[in-house]
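Enquirer: Chains as they are written, first to last, in the numbering used here: chain A, 1 to 136; chain B, 137 to 584.
Keep in mind the hints are simulated off the structure, nothing from the lab. Owing to the predicted nature of the structure, the values given are computational and were not obtained by experimental measurement. It cannot be assumed that every hint is accurate.
Distance condition first, Cα-Cα at most 25 Å in a straight line; then the derived DMTMM-like pairs of lysine to aspartate or glutamate [as the list claims (entries may be wrong)]:
#  : chain 1 : residue 1 : chain 2 : residue 2
1  : A       : 66        : B       : 522
2  : B       : 455       : A       : 128
3  : B       : 455       : A       : 129
4  : A       : 92        : A       : 15
5  : B       : 455       : A       : 88
6  : B       : 493       : B       : 522
7  : B       : 455       : A       : 119
8  : B       : 418       : A       : 88
9  : B       : 455       : A       : 40
10 : A       : 48        : B       : 238
11 : A       : 48        : B       : 417
Distance ranges between label pairs, derived from CB positions [claimed, not checked]:
#  : chain 1 : residue 1 : chain 2 : residue 2 : range
12 : B       : 434       : A       : 99        : 25 to 35 Å
13 : B       : 237       : A       : 36        : 45 to 55 Å
14 : A       : 99        : B       : 261       : 32 to 42 Å
15 : B       : 367       : A       : 96        : 31 to 41 Å
16 : A       : 99        : B       : 407       : 50 to 60 Å
Where is the CB? At the ideal position from N, CA and C, for every residue including glycine.
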Amino acid sequence: MSPANYPAGYRYTKDHEWINVEGSVGTIGITDYAQHELGDVVFVELPKLGAQIKTGQSFGTVESVKAVSDVFSPVSGEVTETNSLLSDSPEKVNQDPHGTAWLIKVKLADPKEVISLMDAAAYQAYVDEKTQEQSA
Amino acid sequence: MRYLPKSPSERQEMLAAIGVDSIEELFQTIPEKFRLREPLPLPGPLSEMEIIQYFKDRAAENATDCTSFLGAGVYQHLRSVVTDAMVQRGEFLTSYTPYQAEISQGTLTAIFEFQTLMSQLTGQEVANASMYDGSTALTEAVLMAERITGRNKVLVARSVHPEYRQVLDTYAKNLGLEIEEFGYTSSGQADRKALTGEKLANAAAVVVLSPNFFGVLEEIPALADAAHSGGALLVTTIAEPVSLGIVRPPAEADIVAMEGQAFGVAPSYGGPFVGVIATREKFVRQMPGRLAGQTTDTAGRRGFVLTLATREQHIRREKATSNICTNEALFALVATVHLCLLGKEGLREMALQNVAKAQFAIAELEKIPGVRRAFSGRVFNEFVLEFPRSVKMINAALLREKIIGPLAIGAHYPDLTKRGLLCVTESMPRTEIERLATAIRRILDSPI
């Protein structure tokens with residue numbers, strides 16, 4: 001696996017979601033590692049606008065040719081936008097997971113929540129460890 | 137995979153892994169009084185000859201010499217021996233759960249044809265590989281509506297089959313579904329005016345049956361408009377699908393739950409039958425049950441597979457859309473062969489004959505003083521009549537003449553005593569309809 005470029009400004013979870021906070025709004029997606037583990041993504045199920053989501057709880061699913069995985073929210077808040085691009089082009093999750101294939105935007109209930117999440121360097125180390133475990 | 141029983145040590149290991157001491161502990165949620173503590177009181181084993189005699193005796197109890205005017209969810213239609221011959225062909229005797237597309241093309245092709253026929257008949261975009269029967273299909277359709285809308289109230293017309301409603305109630309009881317019923321008008325149709333904005337608040341679905349339990353056809357487009365105006369889906373149930381040979385398909389419904397027995401499956405002892413769920417393509421991921429799909433193999437040839445299995449329990453576990461992991465493959469095949477034999481024109485002709493014979497029966501029976509239709513709405517092959525005497529009394533007298541008469545619906549509708557539901561299909565000879573009318577006239581003429 002080629003080293004992925006995990007954006008420095010993002011925060012990451014152990015379940016392989018990222019969040020990018022701008023003001024009081026967080027954009028959430030799944031990481032390059034997650035999309036690689038899933039394989040070809042064929043369907044993305046996202047919550048309704050206005051839905052209240054909670055830290056650590058599933059807010060949607062990403063379905064690939066080999067599995068369906070829940071996506072767990074890194075934060076609590078209200079869904080203000082969902083990525084309509086993904087209903088017609090779910091493969092974008094494989095192609096550009098940290099960019100155009102973001103999943104939802106959330107109005108944060110508590111902006112301080114993200115501080116406890118991993119930064120890019122910590123996440124890279126976490127993923128490296130995972131990869132080593134698998135090849136061991 | 138080995139199909140060997142677990143050893144005691146393996147069992148202990150598994151129990152330890154899930155943190156319980158004994159298998160008994162897993163059954164703790166079942167109240168003590170329902171737990172079996174001794175062997176079932178079953179009779180001892182019988183020899184082969186004794187068993188054959190037992191079943192001959194039971195078969196002799198069938199009322200084969202009677203003419204039946206019963207319908208109410210189970211219908212006597214003409215069926216061909218060709219169907220029985222076709223469905224017993226070896227090509228269809230493959231494993232009933234066709235996971236392995238490479239060895240199950242016969243079964244998968246038949247299921248795909250079944251789904252195609254069901255979609256065309258119901259006016260929906262996608263139909264599944266089948267459900268257990270009409271009543272469980274209805275319940276699954278309601279649960280589907282709950283998932284789609286995120287609401288948990290269900291408005292069910294009282295003109296829906298009472299037993300279908302019982303099945304729904306049983307499921308709903310422990311699922312947090314709130315079931316509210318609404319009435320019917322003097323035409324026998326579901327009372328659309330009852331579907332007010334207030335009533336529809338938080339409603340996931342409006343549920344109707346068409347033709348309904350009184351035999352009356354519902355106005356699906358208007359009901360769909362009413363349901364949609366309050367943000368609810370319209371779930372249309374069909375218990376008598378032969379009606380689709382002539383009635384406009386319920387294309388405006390969001391989910392159709394259907395009983396397919398009338399398509400070539402004998403009434404038997406009230407089952408087993410075959411249910412169907414059909415819906416709009418945008419709801420397909422919330423659909424329960426198996427789904428066969430068309431694809432191409434590596435050589436570019438047309439082939440069939442089970443598809444969208446990620447909705448199902450063997451993949452999604454507790455998050456599956458349903459715990460149904462099978463289909464009624466044999467009866468789905470019967471329905472497919474039966475419909476292919478009839479063809480479009482044949483089904484239409486069959487449906488027309490149902491209407492004609494039912495209308496003839498209504499005309500003959502309404503000539504009897506005191507007998508009249510209870511509802512004014514348009515019917516297919518069933519209708520409710522109001523009698524001047526108790527239906528039970530009339531039926532007891534009819535049975536002496538080898539006629540199984542109308543279903544007394546007062547048992548299900550306390551406000552509808554002295555009303556009987558009759559069914560007349562294409563299989564009913566004109567002379568038998570006349571014999572029924574003569575017999576009822578004589579019974580009502582005689583002093584009580």
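Enquirer: For each hint, tell me whether it holds in the structure or not.
Expert: Hint by hint, here is what the structure shows:
With a CA separation close to 60 Å, the supplied pair residue 66 of chain A and residue 522 of chain B exceeds the 25 Å bound. This hinted pair does not check out: residue 455 of chain B and residue 128 of chain A have alpha carbons roughly 31 Å apart, beyond 25 Å. Simply put, residue 455 of chain B and residue 129 of chain A have alpha-carbon atoms about 30 Å apart, too far for the 25 Å limit, and the pair is violated. For the proposed pair residue 92 of chain A and residue 15 of chain A, the alpha carbon gap of about 20 Å is at most 25 Å, so the pair holds.
Between residue 455 of chain B and residue 88 of chain A, the direct Cα distance comes to roughly 24 Å. Compliance with the 25 Å bound is thereby established for this hinted pair. Between residue 493 of chain B and residue 522 of chain B the CA atoms are separated by roughly 19 Å; this keeps the pair inside 25 Å, and the hint holds. The hinted pair formed by residue 455 of chain B and residue 119 of chain A fails the criterion: a straight-line CA distance of about 32 Å is larger than 25 Å. For the suggested pair residue 418 of chain B and residue 88 of chain A, the alpha carbons sit about 12 Å apart, so the restraint of at most 25 Å is met.
About 21 Å separates the Cα atoms of residue 455 of chain B and residue 40 of chain A, which keeps this hinted pair within 25 Å; it holds. Distance hint between residue 48 of chain A and residue 238 of chain B is unfulfilled; the C-alpha atoms sit about 40 Å from each other, more than 25 Å. Distance hint between residue 48 of chain A and residue 417 of chain B is fulfilled; the C-alpha atoms sit about 19 Å from each other, no more than 25 Å. Against the hinted window of 25 to 35 Å, the Cβ-Cβ separation of residue 434 of chain B and residue 99 of chain A comes to about 34 Å, which satisfies the hint.
Remark: the range hint 45 to 55 Å for residue 237 of chain B to residue 36 of chain A is contradicted by a beta-carbon distance near 28 Å. Distance hint for residue 99 of chain A and residue 261 of chain B: a CB-CB separation of about 34 Å, consistent with the stated range 32 to 42 Å. Here the CB-CB span from residue 367 of chain B to residue 96 of chain A is close to 35 Å, well matched to the stated 31 to 41 Å. At about 55 Å, the CB distance of residue 99 of chain A to residue 407 of chain B agrees with the hint of 50 to 60 Å.
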